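> Protein sequences, first through last, are from chains E and Y. Under our numbering, read the first sequence as residues 1 to 214, first letter to last. Under our numbering, read the second sequence as residues 215 to 541, first letter to last.
Hints in this document: simulated from the structure, not taken from any laboratory. Quick caveat, the model's predicted, so the values are computed rather than measured. All residues carry an ideal CB built from backbone N, CA and C; glycine is no exception. Please note that the accuracy of each hint is not assured.
Simulated restraints on C-beta separations [said to hold, decoys possible]:
#1 E:Asp200 to Y:Leu430: 55 to 61 Å
#2 Y:Leu370 to E:Ala208: 34 to 40 Å
#3 Y:Ala475 to E:Gly134: 38 to 44 Å
#4 E:Leu132 to Y:Arg432: 49 to 55 Å
#5 Y:Asp497 to E:Leu13: 31 to 37 Å
#6 E:Trp79 to Y:Arg319: 55 to 61 Å
#7 E:His44 to Y:Arg432: 21 to 27 Å
#8 Y:Phe238 to E:Thr72: 52 to 58 Å
#9 Y:Ala244 to E:Met31: 34 to 40 Å
In silico SDA-like pairs for lysine to any residue, Cα to Cα no more than 20 Å straight-line [what the hints assert, rightly or not]:
#10 E:Lys169 to Y:Lys495
#11 E:Lys169 to Y:Leu362
#12 Y:Lys495 to E:Pro212
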Amino acid sequence: MSLADAAGTLLALIARLITGAQGHWKGCPPMAEQRIYFANHQSHLDWVLIWAALPHDLRASTRPIAARDYWTSSRFKQWLTSEVFRAVYVSRTRAQGSTGSVTDDQDPLEPLVDALQGGDSLVIFPEGTRSLKGEPVPFKSGLYHLAQQFPGVRLVPTWIDNVQRVMPKGEVVPVPILCTVTFGAPLALQDGEDKRAFLDRARAAVLALRPPAP
Amino acid sequence: MMVWVDPRQMGVDQQVGLLFVLLFGVLLLATAAVTLLALRRGTDSADPRHARLLGDLRDLWVGALVFWVAWVSGPVGATLAFGIFSFLALREFITLAPTRRSDHRSLILAFFVVLPLQYVLVGSRSFDLFTVFIPVYVFLAIPVISALAGDPERFLERNAKIQWGITVCVYGLSHAPALLLLEFRRDEGRGAFLVFFLVVVVAAAQIAQELMSRWLRRRPVARHIDRSFSVRAWLAGALAAAGLGALLFWITPFEAPQALAMAFIAGGAGTLGEFVMKALKKDAGVRFWGNRASITGAVGLLDRVAPLCFAAPVFFHSVRWFFQFSG
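With the rest of the complex left out, here is chain Y (with noise of 0.2 Å):
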């Protein structure tokens, strides 16, 4: 027989284990619907947009234990999760925007020194530092070291993409665990909550923008950069975005109109990330970003976080401001 208890009457992590167990449920669903699927229709697997689904999945998968680890292990295990998310990232960025000889100094030092700062930073919370030491104290430092190699050619074209990548991969995917360590006054360990949150709704955000794209079959407002972007397709991903997080509401210290709102913030940021991230790809001259084409293996990892490190700051931010008003 079912007793249907009270979500909100449970210890918060009685709650977290009924969330993954929701998550996983959900996931464990979709693979069984999409083998059936496949099976029935007897598709074999060359085909790509099957195997592209299977891959979707996979990525589900990863993502989804990736985070359960993250959460069982505790703030130390989630500092290092993303940071090791931060390195790969950071790694495909810098793949693809080609450096000169000159600047292994300022890479060595964005990779081995600030990287890993950031993140010591987040783990010990010191969230003071924590925003102001890569826009401030690196801003200043990674030019310093690309100037001390002596290299005058382009020298602002380098800095900026090195400079850029930083500021995405690491100081923008950060704010993801940061939210972990977010301590609310009513709340205690509610951070595995707004990072669920996040990664959900910008989730939405991006799946609703993508079927209203094909759906409206609007005019593209850049086609240069990304044929399926529009006005009304981004609006229609964050109200997605929006609903979602006011279904939500519970999971989170918010009330549902808070929710409401900082899902729109949260999932209009992430599908303007991702905007902007295709048209860093076409600058890149990566055009087909299948597995073919990926000539250095740069396929996957960005993709799949960009938004999120264009979203988690912002989102970020909207919290801590709203909580110093309100807590």
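Next up, chain E with everything else stripped away, as it sits in the complex (with noise of 0.2 Å):
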């Protein structure tokens, strides 16, 4: 086991000992397919959540995106990306977002197209930044060219609940509470649906999963 073999898992054992990150497969089950997952975004520890709720052996080829600029600025986070995660870095040409946002640009998704074609699963937040309001914000279109180049590629939706109380925006230490990750039914882009409906749908596939207030 490499050293980046065992910061990653050192990281999941972490996040869930915080967060629980338990994985609940109600619409499809955990399977070695190539994947697009596209969630919520309300923390930076939205991947993190996300991979450590994935079952072990589906981990090394389930990749994020990180922004190049940002995330290469210093050895220890080019490091962290490139060897424990295997993040596929986008440039933000134009000022959009944060990490993981993708640009209305064809040209910012070349990496995940190249990643996709190399037979990787993607875990996308197609909001481009986070929102802080509980509801996801209107789905940038680099979804909808993915879906409609990848046609053979499911799309999972997922709603990750509870994250913003574990580390509000601004704070550095996380709080343990307990978190879920709900992956729900794969999607497909129909034929001649429309960019904008069909990034409704995207949306409010990924709302529908988001569990009942108690």
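Put the complex together from the two separate chains, hints included.
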């Protein structure tokens, strides 16, 4: 086991200890097929939570998106994203959102396309930025373009719950609070479906996974 | 050929060993019985009652194993094991008690300062500080940190919830390893028996109360909180605990009548604590405590340890008080 593997296992363990990171596979079982998980984005921890909720053998082939300028700015960050998580780097050519953003440009999608062609699964946050209101903001079009180009890749809507309580914006130390990651039934782009209609449908599918308030 | 050895003539370690052999033997028998029953009846595992029984058994196994590991690894291991239980229980408690953003610092204090410190105090046997650390010092520290965050909205409610969580999940539960480390003048290293005694007696009280409430069908005292709780059922539970405690007196530093009284106190406190936790769950809006409703995954540990959280401090101080006078 390499150092990166060990670090990954340790991070997943910490995420589970802090948040439980329970994966609820409601719409599809965890399977080794090519997938794009698209999720609501409320915290920096979102990616780690999804990753920790995945079964161990799926983690190696499931990759996040990371903004190149931020995540390569120090050696540690670079090591963490490239070695541990095998992140797909995108350049934020236009000042668009934060980590994991997918912009309207065709250009920024290129690394994602490469990764999908290589057979990997991806986790994307189509809102482009962290939403703090609870409800996801309208999705950006990257998901649509990927769905068009890769009809064989399953699109799995994902809802991450409670994570905003673990680490509110501006705080550094996470507080242990139980979170869940709910995976829904895969979505497919229909013939001739309009871009906006598809993106709204995708957003509704994510929102539908939100557990009812107790 | 069987030779009956009087357990009182064995060394303490041998006695504890015997205890574990008995414990795991009973568990093994129970597991075998449940499995055989399922095979004979041909019940599929989808049957919820069967699944629940299996789940309970699995919890018992885990509990027994943890207990054994804690004993084998000595005071440090036991303190650590209960510290982790505290952490997980507090995590569940805080998940169900919605806090605001401004509580973040208080929660960090609770999880990463108060909890470890309390267990360090237990581990180092500083029993005087350990009994006042949370009720006195933390009681002041939490609201101060909260006030510094500058958010007056529902201030009392938020702080009360955090204080409650700490008191139940950290302060209460930390008394269990403290028992383990209590030193008696007459017998060294008997603490493990006291913890075992406490756990068994509290469990017996719970089971007896549950069975009696089904059998008696009394009018519940507080129907909106718990449909099965009645004074008689509670008394039956505490009495069952007392009876079992008296039977087990030989593993404790007590004589039979004292063991009976102690077990009554511990069992009664445990089931009352469970009752209080039910009220709390109703307040938090968790009506159905099944797996399906567990949105946040708060299914279980707090449920299992809650009676212990309430019984342990009462029992601990009863024991200490008793030995101060008669030790």
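> Indicate, hint by hint, whether the structure satisfies it.
Hint by hint, here is what the structure shows:
| no. | hint | result |
| --- | --- | --- |
| 1 | E:Asp200 to Y:Leu430: 55 to 61 Å | 58 Å, holds |
| 2 | Y:Leu370 to E:Ala208: 34 to 40 Å | 37 Å, holds |
| 3 | Y:Ala475 to E:Gly134: 38 to 44 Å | 53 Å, violated |
| 4 | E:Leu132 to Y:Arg432: 49 to 55 Å | 51 Å, holds |
| 5 | Y:Asp497 to E:Leu13: 31 to 37 Å | 33 Å, holds |
| 6 | E:Trp79 to Y:Arg319: 55 to 61 Å | 31 Å, violated |
| 7 | E:His44 to Y:Arg432: 21 to 27 Å | 54 Å, violated |
| 8 | Y:Phe238 to E:Thr72: 52 to 58 Å | 54 Å, holds |
| 9 | Y:Ala244 to E:Met31: 34 to 40 Å | 37 Å, holds |
| 10 | E:Lys169 to Y:Lys495 | 29 Å, violated |
| 11 | E:Lys169 to Y:Leu362 | 18 Å, holds |
| 12 | Y:Lys495 to E:Pro212 | 17 Å, holds |
Going through the hint list in order, the structure does not satisfy hints 3, 6, 7, 10.
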